[in-house]
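Listed in order, the protein sequences are those of chains A and B.
If you read the first sequence in this note's numbering, its first letter stands for residue 2, the second for the next number, and so on.
If you read the second sequence in this note's numbering, its first letter stands for residue 481, the second for the next number, and so on.
Possibly wrong hints are sitting among the right ones.
Restricting the straight-line Cα-Cα distance to at most 27 Å, the calculated cross-link-like pairs of lysine-lysine (BS3-like) are [stated by the list, open to error]: (1) A/Lys-116 / A/Lys-85; (2) B/Lys-637 / B/Lys-516; (3) A/Lys-46 / A/Lys-35; (4) A/Lys-273 / B/Lys-516; (5) A/Lys-116 / A/Lys-80; (6) A/Lys-135 / A/Lys-40; (7) A/Lys-306 / A/Lys-251; (8) A/Lys-267 / B/Lys-516; (9) A/Lys-135 / A/Lys-85; (10) B/Lys-516 / A/Lys-114; (11) A/Lys-35 / A/Lys-116; (12) A/Lys-80 / B/Lys-637; (13) A/Lys-211 / B/Lys-637; (14) A/Lys-219 / B/Lys-516; (15) A/Lys-211 / B/Lys-516.
Source of the hints: derived by calculation from the structure; they are not laboratory data.
The primary structure of each chain is shown beneath.
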Amino acid sequence: MPLAPIIIMNAILLAITIILAIADRFLVSYGSCKVTLKKEDEEKKFTLKGGGTLLSALIDNGESIAASCGGRGSCGFCKVQVSKGGGQILPTEELFISKEEQIFGTRLACQVKIKEDIDLFIPDLLTSVKSLVKNGTFDTKLKWHFLRTDRKEQATSPLAKLKIDKKDRLNLEGIIDDHRAMEGALMPLLHAINERYNYLPEEALRIVAKELSIPLSKILSIATFYNAFSLEPRGKNIISVCLGTACHVKGAQDILETFEERLDIKTGDTTKDMLFTLEAVRCIGCCGLAPVITINEEVHGLMTKNKALKLIDTFQGKS
Amino acid sequence: MLRLITIFIAAIFTHNVALAYLLGMCPFVSLARNLKTSFGMGLAVVFVVTLTAAINWPIYHLVLVPHNCEFLSFIVFIIVIASSVQLVEMIMERFFPALQASFGIFLPLITVNCTVLAISLFMVLREYTFITTLFFAVGSAVGFWLAIVLVAAIYEKLELVGNVPRGLKGPGIIMIITGIIALAFMGFGGMVSIN
């Protein structure tokens with residue numbers, strides 16, 4: 002039996018193993034690194050040898066981190082916020098970490114390799130739930146949403162409701178798909194979006210630009226040209242007061258001022274409860290009814306101050 | 481020198497690995513949907529193919545041939561490819577993190593791309609010298625890069641038009657595009673020959 006092939010095969014394997022082992026020794030170790038860990042109520046520091054993952058380092062130092070997949074990046078539970086060190090976000094993490102979370106430096110601990118000093122923060126949901134249970138304030142029948150304290154204000158303001166979430170995104174993609182194959186799809190598409198949101202959210206326009214491969218500047222040039230579109234969030238009911246010649250003579254300025262006072266906004270603005278937007282327009286085309294206003298395309302003629310106030314009341318009563 | 485250039489051009493056009501031999505179709509079909517990722521993938525292929533061919537040639541001719549162990553070539557080539565990709569990844573992670581980030585997940589993926597093994601086997605089959613092997617390897621890899629980028633670009637444009645029949649979306653239409661481009665590449669046929 003010839004021995005040469007066996008010896009050669011083993012020699013090659015040995016050589017490769019030695020090379021890889023040497024490379025592993027000199028390339029993958031990073032000296033000692035300092036990890037600074039902040040939690041809601043405590044701060045911890047520990048030093049360890051670099052090269053391993055952040056998840057294993059945290060577990061070795063007695064932190065409890067949920068990682069049901071065992072650090073393979075498939076469960077997405079081991080989220081931590083890395084503020085210093087840790088490098089770029091990896092494609093394997095992008096599945097689990099939204100754009101919003103990326104701003105806060107959220108990473109999957111199992112995918113972060115320790116190569117330098119790392120500062121991190123663990124948002125501690127578990128302890129807040131524990132304290133709720135302890136105080137007896139936790140009710141299992143209710144649905145609980147946990148908001149970050151620094152984002153609470155944003156989440157409760159009416160503007161936040163207009164933010165495009167996942168469901169809206171699908172909806173939007175549906176709208177885009179409906180118009181994709183059309184010639185000159187942009188105008189009807191913008192109309193559809195306007196109908197859905199009452200204004201053109203910047204994020205939506207960006208998505209449209211990307212999906213249809215139209216430059217954003219071109220979309221904006223159309224969106225800003227037509228009066229029907231607005232880039233600012235608009236109220237549920239749009240009040241347009243005619244300031245054309247005939248209406249002006251009949252005292253439309255007074256009507257406009259009445260609205261401004263009653264709604265406590267300036268012309269062109271939207272009330273804080275997102276119910277009304279006040280606009281001044283040029284001729285509506287029915288000067289016989291002057292002074293005239295429209296609310297949501299509905300024309301109200303021969304306006305007086307009292308009539309204006311009554312109209313507002315009926316719309317406020319409706320909603 | 482003329483022969484080297486001939487082989488280089490032939491490897492790109494007339495004997496394109498992806499379009500004439502239909503090698504490496506798995507990453508080809510799954511990645512040719514996005515121009516950016518297919519560009520990155522093609523670049524990584526060029527890198528790995530050249531490197532492994534340059535390592536495999538001396539191993540074959542200086543170690544295996546003198547000891548009459550040519551039959552080991554398949555397994556040795558695969559091991560060398562796998563370990564050299566590992567090694568390159570380690571080196572890049574340490575010294576070129578930006579490059580590593582842009583190659584991303586493609587580098588380990590290429591270990592199982594049959595284009596890489598095929599280049600090493602062709603070089604043995606066609607009895608190339610070391611320099612010829614290098615030219616052939618770079619040419620073939622650039623050919624693969626060209627093919628995947630071409631198909632991805634066409635696929636992206638087709639997506640915009642949006643009237644691909646539902647059943648053909650994804651792999652189906654990519655295979656059709658690949659076929660049509662392969663036909664077009666056949667036009668280069670009489671231009672140069674690899675032998």
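Now for the hints, and whether the structure bears them out:
no., hint, in the structure
1, A/Lys-116 / A/Lys-85, "11 Å, holds"
2, B/Lys-637 / B/Lys-516, "14 Å, holds"
3, A/Lys-46 / A/Lys-35, "7 Å, holds"
4, A/Lys-273 / B/Lys-516, "44 Å, violated"
5, A/Lys-116 / A/Lys-80, "19 Å, holds"
6, A/Lys-135 / A/Lys-40, "20 Å, holds"
7, A/Lys-306 / A/Lys-251, "12 Å, holds"
8, A/Lys-267 / B/Lys-516, "48 Å, violated"
9, A/Lys-135 / A/Lys-85, "34 Å, violated"
10, B/Lys-516 / A/Lys-114, "26 Å, holds"
11, A/Lys-35 / A/Lys-116, "10 Å, holds"
12, A/Lys-80 / B/Lys-637, "37 Å, violated"
13, A/Lys-211 / B/Lys-637, "13 Å, holds"
14, A/Lys-219 / B/Lys-516, "24 Å, holds"
15, A/Lys-211 / B/Lys-516, "14 Å, holds"
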